[in-house]
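Go by the hints and put chains B and C onto chain A.
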Amino acid sequence: MKPPRSFVHVRENSLKMSLTSQIIQFLFSGLNVGSIYALVALGFTMIYNATSIINLAQGEFVMLGGLIMVFLTVFLQIPMYLGLILTVAAVTLLGAFFERLAIHPLRNASLLTLIIVTLAGSILFRGIAMFLWGKDPYALPPFSSSKPLHLWGATLQPQFFWVLGITGLVLLGVWFFFNRTLIGKAMTACSFNSTAARLVGINVRKMVLFSFSLSAAVGAIAGIIITPITLMEYDRGPLLALKGFAAAVLGGLGSGGGAIVAGFLIGILESLGAGLVSSGYKDAIALLVMLIVLWVKPSGLFGSAEESELKKF
Amino acid sequence: MSEEILSVENLQKSFGGIRAIDSLNFCIPQGQVKSVIGPNGAGKTTLFNLITGVFLPSQGTIRFSGQILNGLKPYRIARLGISRTFQNLQLFSNMTALENVMVGKHPLTSAGLLSTGLRLTRMRKEEKYIREKALEELSFMGLETKAELEALSLPLGEQKRLEIARALATSPKLLLLDEPAAGLNIRETEKLSQTILKIRDRGVTVLLVEHDMSLVMGISDEILVLNYGRMIAEGRPREVQRNPEVIGAYLGEEAGNA
Amino acid sequence: MKRKDSYALLVMAVLIAIFPWIVAGNEYFISIVVFLGINSIITMGLCLLMGYAGQISLGHAAFYGIGAYSSGILTTHYSFSPVMAFFLGIFFSALVAYLVGKPTLRLKGHYMAVATLGFGEIFFIAFNELTPWTGGPSGLSGIPALRFFGKTLEETAYLYLVWGFVILLLIFSLNMVNSRVGRALRAVHGSELAANAMGVDAARYKVQVFVLSAVYASMAGSLYAHFVTFISPSSFGLMPSIMFLMMVVVGGAGTIWGALLGTAVFTSLPEYLRGLEDYEVLAYGGILMFILLFMPQGILQRMQNLLNQMKQRVEKSP
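Protein chains in written order, with the working numbering: chain A, 126 to 438; chain B, 2 to 259; chain C, 261 to 578.
Next comes chain A alone, as it looks inside the complex (with noise of 0.2 Å):
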């Protein structure tokens, strides 16, 4: 696996700024990274939810989500939103597949084997990325212009703001089903009590499923829209979805806002940190943020240590 790569492509540019344009700009760039963050940590709360698993290969669907865009536009030219339409299909379809094929089957094993069979998953989707785009990194030209905003003395691509912009609609979307539809009640209702759920006739068997492929188009969405910024590459998974577990437990797993409010938070943590600090250990600064809430207060910020200590895995 390749060393870190820094996200932040400004140093030049930093000895001439201010300080507080500085801070604007990693602000700005801790809250595009923050975004698929939260992302992440939304496809895993999802999936933990309906099922009480952690799905180690959260960070593989980011990762097919740009990789299958660059395949559909820069290589068979497919315009952009029939590109974005067929991709988060394709991932979703992987992510159903991925629950029928290896998680439906265990779904009685032992947690160690459920571990392992998403860890399984994960390698096997890195492999099959490996195989058909190699180990280089892919770049989506970006959504509009390539033209820097300057904004407060910070450099901005255009870029950024389709990153907030869409992470904004799919979680107004999201929480729209799961509030304001049958469905998405339905899967709540599952990750309260499935035995209940059952009894009024929900299928948990096919919630468990919708989790899955939900979880999928969310992180294809996060893959697709970052891929401009920082390019894509087979590997990209494991940190990635590191970093939205970190997310996911500081926001107190389970809530689905707080592992969004999280996310930024800790873009912008590492954003901060990488800029001001070094940007070599910026990768370690999420797995710390992650290590020191589970240490020390596992449900996080926002979830009560009761509700934590009644949650099973």
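Just so you know, the hints here were simulated from the structure itself, not pulled from any lab data.
Do not take every clue at face value.
[Stated by the list, open to error] Cut-off 27 Å, straight-line C-alpha distance, at most; resulting in silico cross-link-like pairs (BS3-like, lysine-lysine):
no., chain 1, residue 1, chain 2, residue 2
1, B, K174, B, K126
2, B, K126, B, K35
3, B, K192, B, K174
4, B, K126, C, K264
5, B, K134, C, K262
6, C, K264, B, K129
7, C, K571, A, K422
8, B, K74, A, K422
9, B, K129, C, K262
10, C, K362, B, K74
11, C, K264, B, K134
12, B, K134, B, K192
13, C, K262, C, K571
14, C, K262, B, K126
15, A, K422, C, K362
16, A, K331, A, K310
17, B, K74, B, K35
18, C, K368, B, K74
[Claimed, not checked] Derived Cβ-Cβ restraints for the label pairs, each shown as a range:
no., chain 1, residue 1, chain 2, residue 2, range
19, B, E4, C, K571, 51 to 61 Å
20, A, F200, B, F16, 27 to 37 Å
21, B, I187, A, R305, 22 to 32 Å
22, C, V574, B, L150, 21 to 31 Å
23, C, W393, A, T280, 30 to 40 Å
24, C, T489, B, T146, 34 to 44 Å
25, C, Y288, B, T146, 50 to 60 Å
26, A, S235, B, F16, 25 to 35 Å
[Unchecked claim] Over 12 Å on every C-beta distance to chain C, these chain B residues come out as not near it, computed from the model:
no., residue
27, S8
28, S15
29, A21
30, S24
31, N26
32, K35
33, G143
34, E159
35, L198
36, K199
37, S215
38, L216
39, R237
40, Q242
Idealized CB from N, CA, C, for every residue including glycine.
Frame of chain A, contents of chains B and C only:
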């Protein structure tokens, strides 16, 4: 008058807003068989968990032969001489019956990582001792022929006896039995009664949580009745049987006979 | 130790002793078996942690790396003797394992798994970033080979050295496992609640076995460093950690022999897959998936089941 082996003063345990145990006061004289009865949800297993250190009391004290148990970790309390069985069996699924009981000898032995890895003489002697004593406990519970069988392959009745054998292996002064008769037929329950009396004859004080009234009435020296976490009666079986509050709470509104 | 174990050990020792003769000193085959031995040390320790105590570590390569880099750095940059460096590596690994293990082993299931993933990754980053000592991504070269009375240990001698370690550690592990401590660990795995109720200090045992497994990994790291004389962070990252896990689980997570079997399978696998470089990762994932779905108890158990079935068939025939 025999001394108190366990004394509970003003015990209270709350979970969030719910008071599982409230203002509980009682003691157990040494050598007694005391039963705790009450409707489901009355707090009986919570009481066990408080005594064995799984839960921390919200208020009040638990004393074991004078020593305060509050705040001690479960393994510590086990080493002091309190052992237990579980309502939903907690046998070690990955071991044989004999091995399960051998674990009970753990607090009485001391070979650590190094001495076992290096197979020092002291450790080998200890192993022999553990094995012998464990087999004795198995025999006591009538399971010596099942020693090498996988613990979970035994029928339910024998699994429950195995758990008792394991608890006895720790040489407890106080044994907590959590619904040992659940799932047993009449013959097995009668056998269990005999066994508990034999345990008492060994000098072990027994605290028993049970629903089976014939068992409880037959062997208890004293009975404690809980309802909604509070004690509503305490005394000899005959007295408790006639107590109207007990009848009302537990046996239903009709005056019934046990 | 049971009689079966003693026989198996004897057979293994004999096989190792004559192996160099069998392959007529072929360095390639010998070095594979050296790596097999080094990996076995790690997986034995990991098996004690996972198979017996029932915990999870997805970051164990970090301890492997601590041992390797301790030996590498101290002997190369600071002219320590290899023996000194070896013991210091063990000390560092044990210290880290204790500090990290205490809070992490309190966590349950998934949380523990991801926490170990996290600190494994943190060490990987550290190996990459501490360039003045570790050489960064380009690695640390020039690690001195081991010398015994002036003579450098070549392939065959190193084979005996590594497998000497393996056999000693195997004896130690088997002794431990068939004793009070082994039962305590298995009790913690079977039911932590009941284990505590029977006087077993589960928390302490979990940390102890974690530290022990880290020590095993560190020893393996030191042996590795002096054998290959060049180490880089890629040997101590996520994939290696997962590989070790796979070796333990695939072989049969319950037993030490199962772990050794799994190690043998997965150490030799890269050699078969050598030609298919691009497919390597894919193949690992596929194999792991296959085994999880069709042989959830691991290869050893499956083989034992098949053997039992065959035995029954033989007994039934007139």
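Next on the checklist: If you test the structure against every hint from before, which numbers come out violated?
Outcome noted: Those not satisfied are hints 2, 7, 20, 21 and 24.
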